[in-house]
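**Q** So you can see what is in the structure, the chains are spelled out below.
Protein chains: 2
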Amino acid sequence: MTTKITVELLRQLRQAMRNARYIAEPIQAYIIPSGDAHQSEYIAPCDCRREFICGFNGSAGTAIVTEKHAAMWTDGRYFLQASQQMDNNWTLMKMGLKETPSQEDWLISVLPENSKVGVDPWIIAADQWKNMSKALTSAGHSLVAVQDNLIDAIWTDRPSRPSTPLITLDLTFTGLTWQDKITALRSKMAERKISWFVATALDEIAWLFNLRGSDIEYNPVFFAYAIVGMSTIRLFVDAKRLTRPAVREHLQLDTPPKAEMRIQTAPYESVFTELQAVCASLGPKEKVWVCDKTSCSLMQVIPKAHRAPVPYTPLCLAKAVKNATEIQGMRMAHIKDAVALCELFAWMEKEIPKGTVTEISAADKAEELRSQQKDFVGLSFPSISSVGPNGAIIHYRPLPETNRTLSQNEVYLLDSGAQYMDGTTDVTRTMHFGTPSAYEKETFTYVLKGHIAVSAAVFPNGTKGHLLDSFARQALWESGLDYLHGTGHGVGCFLNVHEGPCGISYKTFADEPLEAGMIVSDEPGYYEDGSFGIRIENVVLVVPANPKYNYRNKGSLTFEPLTLVPIQVKMMDTGLLTQKERDWVNEYHRQCRETVGAELERQGRKEALDWLVRETQPIV
Amino acid sequence: MTTKITVELLRQLRQAMRNARYIAEPIQAYIIPSGDAHQSEYIAPCDCRREFICGFNGSAGTAIVTEKHAAMWTDGRYFLQASQQMDNNWTLMKMGLKETPSQEDWLISVLPENSKVGVDPWIIAADQWKNMSKALTSAGHSLVAVQDNLIDAIWTDRPSRPSTPLITLDLTFTGLTWQDKITALRSKMAERKISWFVATALDEIAWLFNLRGSDIEYNPVFFAYAIVGMSTIRLFVDAKRLTRPAVREHLQLDTPPKAEMRIQTAPYESVFTELQAVCASLGPKEKVWVCDKTSCSLMQVIPKAHRAPVPYTPLCLAKAVKNATEIQGMRMAHIKDAVALCELFAWMEKEIPKGTVTEISAADKAEELRSQQKDFVGLSFPSISSVGPNGAIIHYRPLPETNRTLSQNEVYLLDSGAQYMDGTTDVTRTMHFGTPSAYEKETFTYVLKGHIAVSAAVFPNGTKGHLLDSFARQALWESGLDYLHGTGHGVGCFLNVHEGPCGISYKTFADEPLEAGMIVSDEPGYYEDGSFGIRIENVVLVVPANPKYNYRNKGSLTFEPLTLVPIQVKMMDTGLLTQKERDWVNEYHRQCRETVGAELERQGRKEALDWLVRETQPIV
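Protein sequences, first through last, are from chains A and B. In terms of full-length UniProt numbering, the first sequence opens at residue 1 and continues consecutively. In terms of full-length UniProt numbering, the second sequence opens at residue 1 and continues consecutively.
For reference, chain A alone in the conformation it holds in the complex (with noise of 0.2 Å):
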């Protein structure tokens, strides 16, 4: 991990903010947010600002530069990492910690009176601005908009936004075509008296035209905006994108349909342009919906009367729901996974005692093995390969200079997934291919347990998420342990591997109901600094359940595992274990043969298979 040097560069920054080119009265403080304009999780090179500026490449983090001062927020998971590629003209503050202060109690204690604070309105959220801006206003500052991006202004290799050739998706694919997709999309409209809808995540614009792209890595998704509204639907792209004859049709550009299902194209830039057009042109009790996460810029146009703002768009749980060729593209998907896993394991069992495995070599071997399953896009995150104290790096990914060997005496993680056309996967497996100790058996059977408590939990329809967080850690809980990361997130179709608006978490109380159709993922762990991490994760799919009695007519959910790999048998304290948790264990292993061993059959891969019999063998 390197050090990037950044005198020179803050040197220009400070310049620029008080260079007349971009701001009418110079800025005594500048905000770089982590986020492209579309608040995605993962982003493009050229949205890699802070990165730019300060050198710390992880997911999550804000840097403020202010005439002398350079700081930089993190969470707990990248204090290292973000120390190690910082140089000593930042500060590093450490989110989390008691002495840590906030962004805004920072500013007030650094800024000389009546300061301007400049931030990009397209990279910052509409409700952090709001946030931020009412902290400094009542300290006797201003947050300002400055509409030039400081830092574009002085990254003179900035890499251009990729514009990634667009994939059409059919209905095999996809279950409904984007003309249905927006019939159900201005029913709901309607429903709620709502004239026009702004789509600003790019993962809701590829799910509702059945497109996807590869713009960002690891997510099929392309840089776009939409704006339907109940007769007119406007989609916001490069051009470039739409000569191919495929997407033409796809998208029934030559062949005008009906007028209310006419696509409107135009570059994406104007989109800006665009909803002031929409905006101007609104009848006095006209709403525009739109996500409160929406950049401050787009939500700035729309003036505050009509703005019916959500934390969760109608595009965005539509989405959550996933429909029988979905749920359908999914398991395929899981089996061709399992597949190229069984494959790598039974590999791995092989080659590790020659010591020639490193935790790169096997991440290789896994995407290897995965490509040659039919319609592997890519992969759907980095691999989380990890081996030995590695592991207990809960986002751990390995580099050259942290690249170990894998041996018959440290306990193996590997948290991986790929983008398939009919699906998207993520698994987490944690084996140990020598004799693991007592310690690691006893933790691994904890977390194993609460695995299965959420796994197998029954719970009433509307019940949220966040309701089943502690049935995953009870076990560890009572001997005293714990884990400090989520249960589980929503997973995309052919999207990105994590989505809104569910999930199983202590921290998350904004999550909506769990529904039969909604995939997410049941991944508890446990972590011992410096010695090992366990971590055991399925996706599961939320189907409706049929307990003893009927309480209110409200209908029982529970969970169906769509993940198929063997969970390894030897890393198992079958004693920690009860009758109806080895019952649990048994009937999946039994799946997992009978499905994933099918498909091996089928495709001939002997060694796997023979694996996978011999790892799924009946506990007692």
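I should point out that these hints are in silico values taken from the structure, not numbers from a laboratory. Do not rely on the hints blindly, as some may be mistaken.
The list makes no distinction among identical chains, and a pair is therefore deemed to hold if it is satisfied within one copy or across any two copies.
As the list claims (entries may be wrong) - Once the Cα atoms are required to be at most 25 Å apart in a straight line, the calculated DSS-like pairs of lysine-lysine come out as:
(1) 193 to 98
(2) 285 to 134
(3) 464 to 94
(4) 98 to 464
(5) 441 to 548
(6) 98 to 285
(7) 287 to 130
(8) 98 to 188
Since the structure of chain A is already known, use the hints to place chain B on it.
**A** Okay, now just chain B, sitting in the frame of chain A:
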């Protein structure tokens, strides 16, 4: 249950809404909230203004009267009761149903343009005022503070505000002098750079000064305010209450102590002008600590820049963590309470077959037996004594017209508690005096499993109570059952039976983390409408746990039952219990037998002792 005739009252109120004696300009609507000026849960008769105007006397409900309409909002617990108590001048607004508009939406839909909506600013909490005002303003109306309460203006026989004698509590009950508490409060103020603290919650004031009153039934509090500065203490209370020598000595009113511990007393009503005076003298950076649920009147006295509103005041937080003396007092109170209940149940077992015991007579007998115990003060809430279908009404209170006779054929539920000088109790037991059905036993056992899951839970320090709520439901959920209330609430020590800031509920996420010394209830239930109700409630103390490991030295917590009343074995389907659960029941019953048995022996209550021994035989 009688229906109140409100034609004439509404006519008078509407006249008052136009009367220049009370308001400069006529108002088009008047809001009558449920509470008093201290946001108390239970209120004194003089504050039952909503009941006076509409007839509905439940614990929660807001009435709004416009020139043409009168509507009252309450929740599911009270739909039936409210519909019976209100005449047809009133529209019942059933909160929680989709079709029911919010108060804001309803007002906006019925009001003429540019309307004025009035409310007594002493009764509405600051946060509620803010939300209501914002909604009305955005629709072109305005919320106005009406200083004279318009209900009081037409309420000719309104009772006067109670001014009951004050009880002084010495160190043997409180563990800390009021001077200790003032010192601790001031050190917290210094830590947060706060100059003044305004106490408005009655239980906080009672706790701070080690005083009790009986102004509000069931709640040993008295009407007062307090303002504490770094060197001054102001107590606002009816002067008549300060004449007794014991009170004067307790507060050191006649033997002036060092200046910063001198209490300046002033009439209850003068808090407003005194707070104005305090605020007029504030330095530019001085802050005033106040609960965000304080009345709009007092909040608005404090200039915005000087307000430091908090959801839970430092007194609320300090009061919640009981000291060793308070814990000892709570233990004693619960043993005495158990003595009374053992005696009650032994008596019921004999009397019920005679057909002479009713819901009301059972509740009366319970009160009589409790009143025989040392330092008994009164009940801590109205007893819920319910048999058969009445048990399914969660907040049932037996009235002559609903009173049922207990029999050997129906399930009986008794939720009751008392105030003793040394502590407050709250216990629910569900019993059958004949032979329960298999279904009654089954559901009772699920509830018991939930009760045990919470009571025996081990969890890390810093865990919020709401994370434990699902443990109480797991067994019910597995069978498709549930209950529609929270699992637990904080309990005061010779104070309110419901207190913040902790609790165990799926609803509240604003709760503070559980800490050793906090006391909460554990009360899952199951209610079969029209048939029976089950609830098993213990008051439990948060204590340190010592599991095998200690992750990151965080330490673990668990609960210790303070309530020591047998849980009826006859109602259990022991085959549904795990060995761990059976062990818990046996250990709990051993404690009941040992601790309460010794006290029954000491008090010479032979029959109750026999009953206790019989009811606590180990299960297998």
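**Q** Under a CA distance limit of 25 Å, which applies to residue 98 and residue 464: within one copy, between copies, both, or neither?
**A** Between. Shortest inter-copy distance 18 Å satisfies the 25 Å Cα cut-off; intra-copy 30 Å does not.
**Q** Checking an output row: residue 287 and residue 130, CA cutoff 25 Å. Within, between, both or neither?
**A** Both, since 20 Å and 24 Å are each at most 25 Å.
**Q** When no copy is named, should residue 98 and residue 188 be tagged within, between, both, or neither for a Cα gap of at most 25 Å?
**A** between (44 Å within a copy, 16 Å between copies)
**Q** Checking an output row: residue 464 and residue 94, CA cutoff 25 Å. Within, between, both or neither?
**A** between (31 Å within a copy, 23 Å between copies)
**Q** Under a CA distance limit of 25 Å, which applies to residue 285 and residue 134: within one copy, between copies, both, or neither?
**A** Close across copies (18 Å), not inside one copy (28 Å); limit 25 Å.
**Q** Go through the copies and call it for residue 98 and residue 285: within, between, both or neither, with a Cα cutoff of 25 Å.
**A** Answer is between: at 23 Å across copies they meet the 25 Å cutoff, but 46 Å inside does not.
**Q** Between copies, within a copy, both or neither: which fits residue 441 and residue 548 at Cα up to 25 Å?
**A** Only across copies: residue 441 and residue 548 sit 15 Å apart there, 35 Å inside one copy, limit 25 Å.
**Q** First find the shortest C-alpha distance between residue 193 and residue 98 inside one copy, then the shortest across copies, and answer within, between, both or neither for a cut-off of 25 Å.
**A** Only across copies: residue 193 and residue 98 sit 16 Å apart there, 45 Å inside one copy, limit 25 Å.
Of the numbered hints listed earlier, not one is contradicted by the structure.
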